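Student: Spelled out, the chains give:
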Amino acid sequence: MDWLIIGAIVGSAAGWLIARAIKGFQARRKGGCAGGCGCADKIQPPKK
Amino acid sequence: MSAKEITVALVGNPNTGKSTLFNALTGLRQKVGNYPGVTVARKSGRCDCGDGLIVELVDLPGLYSLAAASPDEQVVTDVLLGSLEGSQQPDAIVVVLDATNLLRNLFLASQLAELNLPLALVLNQADVAHEHGLKIDTQLLSQRLGGVPVVLTSAWKGEGIASVRRAIAEVLNKKTKLARLTWPAQVESGLETIVRAVQADTGRAPSMADAQRILFSSDAHTSNRLGWKLSQRETVVRQARDQVRAAGFNPLAAEPLIHYAHLRKVLDGVTSGGAGKQGNAAALDRVLLHRVMGPILFTGIMLGLFASVFWLAKFPMQWIQSGVDFLKSVAAPALAGTPMLQSLVTDGIIAGVGAFLAFLPQILILFLFVGILEDSGYMARAAFIMDRLFSWCGLNGKSFVPLLSGFACAIPGLLSTRTIEDPKARLATAFAVPFMSCSARFPIYALMCAAFIGPLYGPGWESVVMVGMHCVGLIFAVPTAFVLTRFILKVKPQPFVLELPRYQMPKPRDVLWRMWQNAAEFISKAGTVIFAITIIIWALCYFPRDAQMAEKIRAAEPALSTHELQARTQAAMIEQSWMGRFGKAVQPVFDPCGFDWKITVGVLASFPAREVIVSTLGVTYSIGKGAEADSQHLRQAMQEAKWLSGPRTGAPIFSLAAVLALMVFFALCSQCGPTIATLAQETGGWKWAAASFFYMTILAWIMAVVVYQTVIRIL
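Sequences listed follow chains V and C, in order. Note that the working numbering has the first sequence beginning at 1, numbered continuously upward. Note that the working numbering has the second sequence beginning at 1, numbered continuously upward.
Please keep in mind that the hints were generated in silico from the structure rather than gathered at the bench. This one's a predicted model, so the numbers in the text were calculated from it and none came from an experiment. Note that beta-carbon positions come from the ideal geometry of N, C-alpha and C, so glycine has one too. The reader is advised that the hints may include incorrect statements.
[Said to hold, decoys possible] BS3-like mimics (lysine-lysine), calculated; alpha carbons at most 30 angstroms apart, straight line: (1) Lys23(V) with Lys525(C); (2) Lys177(C) with Lys157(C); (3) Lys157(C) with Lys314(C); (4) Lys135(C) with Lys314(C); (5) Lys642(C) with Lys314(C); (6) Lys23(V) with Lys687(C).
[To be verified] Computed spacing ranges between beta-carbons, pair by pair: (7) Ala21(V) with Arg545(C): 23 to 31 angstroms; (8) Arg545(C) with Ala8(V): 30 to 38 angstroms; (9) Gln26(V) with Val589(C): 28 to 36 angstroms; (10) Ala21(V) with Asp242(C): 53 to 61 angstroms; (11) Ala200(C) with Lys23(V): 49 to 57 angstroms; (12) Arg20(V) with Val586(C): 21 to 29 angstroms; (13) Ser329(C) with Ala8(V): 41 to 49 angstroms; (14) Gly11(V) with Ala651(C): 36 to 44 angstroms; (15) Gln26(V) with Arg545(C): 33 to 41 angstroms.
The whole structure should be built from the sequences, with the hints applied where relevant.
Tutor: This is the structure:
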């Protein structure tokens with residue numbers, strides 16, 4: 001049971017970090033800033 | 001009408017309070033800085049102008065004229081001309097002017113009149129004008145400028161905001177336009193020559209504003225945008241400029257001369273009084289900007305700032321640490337039946353996230369003081385002082401805004417390099433920005449100073465070392481920029497004009513809001529990225545686990561006490577974990593820097609984000625301490641850590657040499673994934689980003705070795 005809970009927690013943490021990195025990369029490619037500096041929500045990419 | 005249908009652009013010179021007015025009109029919050037160039041990106045918000053009229057208000061970067069030189073200014077010009085791909089020309093323009101300097105600010109407004117768009121004027125900082133004894137006849141000004149609405153405001157105090165909303169509604173309904181100046185006949189003729197030629201060559205009729213850019217500017221931005229080739233325009237432009245010369249003007253200087261002559265007539269009798277309090281500011285500037293006194297005072301202010309941060313944060317940090325201990329004492333017995341989960345929660349999550357969160361008070365106090373310095377107008381003076389230091393290394397004067405921003409975070413610093421006209425100077429600045437000591441480096445400096453420098457040498461030395469560490473990046477950025485600008489990129493020196501904002505009392509609401517934004521960001525990081533990374537680090541430090549470890553140690557050394565056996569078992573467990581094996585394998589690389597395998601693990605785990613070092617050390621030292629961890633703080637655990645093998649056996653791991661080497665390593669190393677990605681984005685490829693990463697990382701390692709080997713030999 002311990003292994004199951006720990007596996008789920010560690011897996012979720014790793015998955016979330018990877019998803020966040022991909023999202024940030026995509027946001028940057030669109031011209032926005034997903035830099036983790038807190039400005040991602042303040043600086044928007046130019047409207048197309 | 002909906003926000004999508006009507007767009008109103010907020011335009012003005014830097015430092016006119018445009019961003020503050022934007023906040024007041026839209027209710028949105030954004031950084032309000034005192035030095036020029038702080039607004040580098042498009043920001044928009046919904047503005048309710050009454051009677052159901054809601055418009056989209058766009059806050060454009062500050063600029064002095066439409067003669068765009070930097071990419072940032074080009075964006076503004078293109079947006080206003082409606083020539084930016086995917087962006088519509090605004091339906092109206094609100095020009096924000098500094099009420100205390102109408103003549104200079106009206107130059108931009110006068111240029112904007114050529115766009116033939118509905119326009120309103122907002123004379124901001126009316127309170128300061130009033131203090132200076134300056135009186136402005138807004139009705140007369142409106143009358144002379146073609147009946148456009150002219151509103152006096154003090155956005156800082158929230159005065160006159162409703163009038164601005166009414167002015168926007170009025171300008172949209174009545175389509176009032178600012179009266180164009182009457183150009184001398186020969187100049188007008190020259191402009192018409194260009195309009196006709198562009199239409200004939202490209203098939204598109206350019207605006208009069210476009211024709212002026214072609215006639216009066218030396219760059220080819222507008223011609224290129226219109227698709228007017230060099231071969232087509234060369235003779236026509238020369239002929240048009242000859243017509244300007246015939247009117248007695250140098251073509252490249254004619255525009256401001258003609259505008260200012262026109263504006264002086266417009267303002268005649270509109271303003272009266274003035275001067276007032278200017279004398280005090282000038283006297284203060286003579287001291288703060290003095291060649292010798294200026295840098296001394298700047299250093300003193302920085303020393304005082306860091307000393308205050310340490311002193312004031314001492315007790316709140318202890319409270320947080322007590323809270324972390326309390327959480328551990330509650331969680332440990334509750335999870336006693338599941339040792340693995342108990343270790344994850346207490347040694348992993350609580351120890352790791354708690355170690356990071358303990359620096360919240362210092363971050364809060366730091367940003368409080370920085371906010372006060374910024375809003376008071378001192379930061380721009382600091383930029384001026386630093387300009388003297390940097391000018392010899394060939395960096396453009398405009399580099400100081402990005403470099404100063406880099407002290408908070410490299411990413412906005414890199415984004416603000418867009419204000420630099422020369423692409424080579426922009427590249428050199430972008431390369432230097434990651435060297436600035438960003439706030440993510442602060443927790444590791446603070447941890448090392450509080451755990452080792454303060455206890456060893458007294459509290460005064462903590463702030464000295466902190467200031468020193470903030471200078472390390474700068475010390476290396478200067479020669480790096482020198483080599484880049486002089487030998488590799490060969491940047492031509494350019495003059496720099498820095499507008500010094502007036503001194504003012506910082507507004508508590510703005511300073512506290514910025515402090516809260518930074519605190520929220522810090523807490524959010526602790527609850528998300530640090531939380532997730534802490535779990536991963538814990539798992540790597542915990543697995544694989546040898547259930548027979550205690551028996552094996554007991555068999556090898558039967559004389560060990562229960563306490564000793566427990567400590568030895570925990571130490572052996574973490575050493576044979578994945579992270580332990582990895583750390584030990586890589587440790588020889590960092591051995592010359594005096595780093596053991598746990599510090600090595602911390603250094604490696606910090607490459608995506610440098611602040612991870614604190615939580616990583618929190619986890620590795622918590623697991624290593626096992627049952628004793630409940631009562632041990634990270635600082636104490638680090639103070640007690642000793643080398644267990646090799647030539648340094650028994651010596652403290654965190655010697656002064658190792659502590660200084662670790663701080664220097666973190667001051668110089670490129671340990672921020674988002675910064676590298678932003679550098680690649682801003683330099684248009686991965687070449688410079690990769691160069692920056694390898695250069696900074698190798699330099700950090702070399703300097704850490706130099707510091708460790710030097711200090712260890714001296715002491």
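Student: All hints, please: hold or fail.
Tutor: So, going through the hints one by one against the coordinates:
{"no.": "1", "hint": "Lys23(V) with Lys525(C)", "in the structure": "holds (16 angstroms)"}
{"no.": "2", "hint": "Lys177(C) with Lys157(C)", "in the structure": "holds (29 angstroms)"}
{"no.": "3", "hint": "Lys157(C) with Lys314(C)", "in the structure": "violated (35 angstroms)"}
{"no.": "4", "hint": "Lys135(C) with Lys314(C)", "in the structure": "violated (50 angstroms)"}
{"no.": "5", "hint": "Lys642(C) with Lys314(C)", "in the structure": "holds (27 angstroms)"}
{"no.": "6", "hint": "Lys23(V) with Lys687(C)", "in the structure": "holds (23 angstroms)"}
{"no.": "7", "hint": "Ala21(V) with Arg545(C): 23 to 31 angstroms", "in the structure": "holds (29 angstroms)"}
{"no.": "8", "hint": "Arg545(C) with Ala8(V): 30 to 38 angstroms", "in the structure": "violated (18 angstroms)"}
{"no.": "9", "hint": "Gln26(V) with Val589(C): 28 to 36 angstroms", "in the structure": "holds (34 angstroms)"}
{"no.": "10", "hint": "Ala21(V) with Asp242(C): 53 to 61 angstroms", "in the structure": "holds (59 angstroms)"}
{"no.": "11", "hint": "Ala200(C) with Lys23(V): 49 to 57 angstroms", "in the structure": "holds (50 angstroms)"}
{"no.": "12", "hint": "Arg20(V) with Val586(C): 21 to 29 angstroms", "in the structure": "holds (26 angstroms)"}
{"no.": "13", "hint": "Ser329(C) with Ala8(V): 41 to 49 angstroms", "in the structure": "violated (26 angstroms)"}
{"no.": "14", "hint": "Gly11(V) with Ala651(C): 36 to 44 angstroms", "in the structure": "holds (40 angstroms)"}
{"no.": "15", "hint": "Gln26(V) with Arg545(C): 33 to 41 angstroms", "in the structure": "holds (38 angstroms)"}
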